[in-house]
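One letter stands for each residue in the lines below.
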Amino acid sequence: MTWLRNLFLPNAASIRASDVDDLFMFVMYLNLFFFFLILGMVVLFVIKYRRKSQTQKTAHIEHNTFLELSWSVIPLILCMVVFFWGFNSYMQATVAPDGAMEIQVTAKKWVWTFGYPDGSVGIGKLWVPVNKPVRMVMHSEDVLHAFYVPAFRVKADVLPNRYTEVWFQATEVGDYVIPCAEYCGKGHSEMRAYVKVVSQQEYEKFLEEGDPDEKGKPPEELGALLYTNFGCSACHSIDGTKGQGPSWKGIYGQQHKMTDGKIITVDENYIRTSILQPQAEVVEGFQPIMPSFQGQIRERQLVALIAYIKSLK
Amino acid sequence: MADVIASPAAQAAKAPRHADYLTDPDFKGLWSWLTTVDHKRIGVMYLWSTLLAFLAGGIMALIVRLELMHPGEDFMNAERYNQAFTLHGAIMVFLFIIPSIPAALGNFILPLMLGAKDVAFPRLNLASYYVYVVGAIMAVVSIVVGGVDTGWTFYTPYSTTTGGAVTMMTMSVFVLGFSSIFTGINFVATVHKLRAPGMGWFQMPLFVWAIYSTAIIQVLATPVLGITMVLLVMERAFNIGIFDAQIGGDPVLFQHFFWFYSHPAVYIMILPGMAIISEIIPTFCRRTIFGYRLIALSSVAIALIGFLVWGHHMFTSGQSALAAGIFSFLTFAVAIPSAIKVFNWASTMYGASISLATPMLYAISFLLLFTIGGLTGIFLGALSVDIHLHDTYFVVAHFHYVMMGGTVIAFLGGVHYWWPKMFGRMYNDTVGRIACGLVFIGFNCTFIPQFIMGSQGMPRRYYTYLDQFQPMHQFSTFGSWILGAGLMIAAVNLLSSLRNPKNAVDNPWAGTTLEWQTQSPPITHNFIGQPSVDHDPYDYRAFKIPADAVE
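These protein sequence lines are chains G and H, in that order. So that you can map any letter, position 241 of the first sequence is 241 in my numbering, and since no number is skipped, the others follow by simple counting. Heads up, my numbering is the position in the second sequence plus 1000, with the first residue counted as 1.
Hints were generated in silico from the structure; no laboratory data involved. Think of the CB as a built atom: it goes at the ideal place given N, C-alpha and C, for glycine as much as any other residue. A few of these clues could be false.
Anything over 12 Å on all C-beta distances counts as not near chain G; from chain H, calculated [as the list claims (entries may be wrong)]:
#: 1; residue: L1051
#: 2; residue: A1056
#: 3; residue: V1230
#: 4; residue: R1293
#: 5; residue: F1329
#: 6; residue: L1330
#: 7; residue: L1383
#: 8; residue: L1389
#: 9; residue: M1426
Derived pair list, reagent style DSSO-like, types lysine-lysine, alpha-carbon separation capped at 27 Å [unchecked claim]:
#: 10; chain 1: G; residue 1: K196; chain 2: G; residue 2: K217
#: 11; chain 1: G; residue 1: K249; chain 2: G; residue 2: K205
#: 12; chain 1: H; residue 1: K1028; chain 2: G; residue 2: K48
#: 13; chain 1: H; residue 1: K1544; chain 2: G; residue 2: K57
#: 14; chain 1: G; residue 1: K242; chain 2: G; residue 2: K196
#: 15; chain 1: G; residue 1: K196; chain 2: G; residue 2: K262
#: 16; chain 1: H; residue 1: K1028; chain 2: H; residue 2: K1544
#: 17; chain 1: H; residue 1: K1502; chain 2: H; residue 2: K1117
#: 18; chain 1: G; residue 1: K52; chain 2: H; residue 2: K1544
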């Protein structure tokens, strides 16, 4: 029944996933058995006892203690099996092993930021070494969010008033999506980051030299990459449609009225200020909802984003 | 053994017709309806109001599904989409499902089943209706003046910080809560005090048992929701700092308060559905229900244990592992009474004389769909699996199987079952069965894909999604059209029957409970004289099948 497993469950890429999947499939088989049992009873009785005449005799069976006990006790036993299995595997997934690598996760509308042990910071993309336990210590700067990696079968809400955590140990190199799983407003469905699982060497190289995907690219191309990685796309379109923020299409060089009435020409300085201190000057008709990227974005990345915006005619 | 008695003509001659509650010359005109304290008229007004809410919530559902045909923006941006799903949820829960069965069908049928003249507090009953109307108007106003985008759950701190008419909407929920409490109080008192002579607790129809259990939850749990909503409003208006972390509150506290009501509220929604099924099945099987006492007591058990499982909505919220373990354990405990009921209903069909008229088809649909809804709950009760499935479409599909596949299907079955009693008109049974079939097929097409994409990792409350989910979303949207068509046909079928002359007999289905012993539609005072009870409900051994019974 691998097809059933593949139909319902995504690719499993962490050491805890197979245990969760085994329980999922166990419950699936229980479900199928009991559903077809009930369906069978209903179909059989409808065929056998379909009314043939108004005077048809019916049985007067008020109850049957043995039957009723059996369909109380058997489901109870099965439920207890599922309970203990689920609880046990939950406990194992709750406590991170000693020596797990720690990553600080900050969630805010609608960006994920990851702080590595060496102090470097990344946005929208989480690099982790394969086969190493990694513990995420998470907090939110505004409303609730939830960190979810379907491929790892882990999820935890991210709260503004205390740290929550999840841990995982990836078993396969690859990119896995991190969708936000707790409703957080307009950009919720596009608050998306990726886990990039790489070998230990590649991970160390990333810490030393930064993201290799960002290397050796002309600023415009790098800007286009950062546009999706940083989650800019959640609010700013590049085709002119109005999102939570102004569209970037043709915005460079335009004059815009700000909420305080000032008219500002969108130039390099305005874009730079908008990324680092987004609340300073907000275009009229938009909410001051953009988070600051101060301290999280490198100079080279800033230049690239400005170049990218310039290129969107 | 069941005998056929006298010809219809002889029976009609025996029982002279009286003016019914719809045509009573003492109560004529709009004013007599607006000021009525007759439980039947209040039930009918509730029926039309909740059906209107169902229509509005259903249109919202179709709009939401249509937007999800393709990833990206089709015709609504994220903001509008968030408002649309919030409205769908809030309208369906607070304006439709919670009041539909107890306040509409329960109001009409419960006193009749008890052999009573009315509910215990008729004026309170009317007040409950007007409170409902005020709450509904407030909900509509909040949509008009700015919309609400919090989801029906109003999670903080999003709900305390977002714009729009959240304050108005939460006050509307507060007001609607009182309507629910009034109905609950009324039913508890009615069941305790107004049972017909000879009707002990275990001679009550199972409908009454389940509505009684519901009423207890309504009275005990709803005040908590009211208080929570007031705290939320205070937080928005005065920044008192209960829930918002920025000013020293705890957002998770809101979730505890909210689910302390809203989990029992799930049983406010499903127990009345079970109530209807426990009536339809014995009637259309023409035999006594299997395991009467176990079904009756399992309603009470569900009502009580249902108060202790709210934390299973919060397994990922950061609550302690111990709390998670206890809530998971109790969740499995509350599943058992539902399992017992399903087996008992199915067993009632053994040795029966089964008619597949429209209400019975709905009851069978309920059995299958509710079984799926209940069984898929086992995935969600299991802690480690829930961590993966929480807040995905799997949960959406699960609760729609319970709420819609369970409660709404039961409600439709109940409306078709009691329609001839309520209005004295019989609808077209063939059309009714076709509609039921379309609803069943459409429902499954809508929600089975949602199980699959949910466990594949599609989170809920998304207006756009990764391309890999598009086939499932499209299938689901097509399903919603079949479902919508089925519901429209059912509605047209029922409503067009109202143009017929009164053509329904008093007891078309050969039901044994008291509401079938009075005329259709019932007279204003329900019964001529005081009916009494000398046998268990659903006992067909000495029951005479009326000659004019259908099929």
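Inset, instruction - Quick one: which hint numbers does this structure break? Sort them smallest to largest. - result: Violated hints: 4, 5, 6, 7, 8, 11, 12, 14, 15 and 16; rest satisfied.
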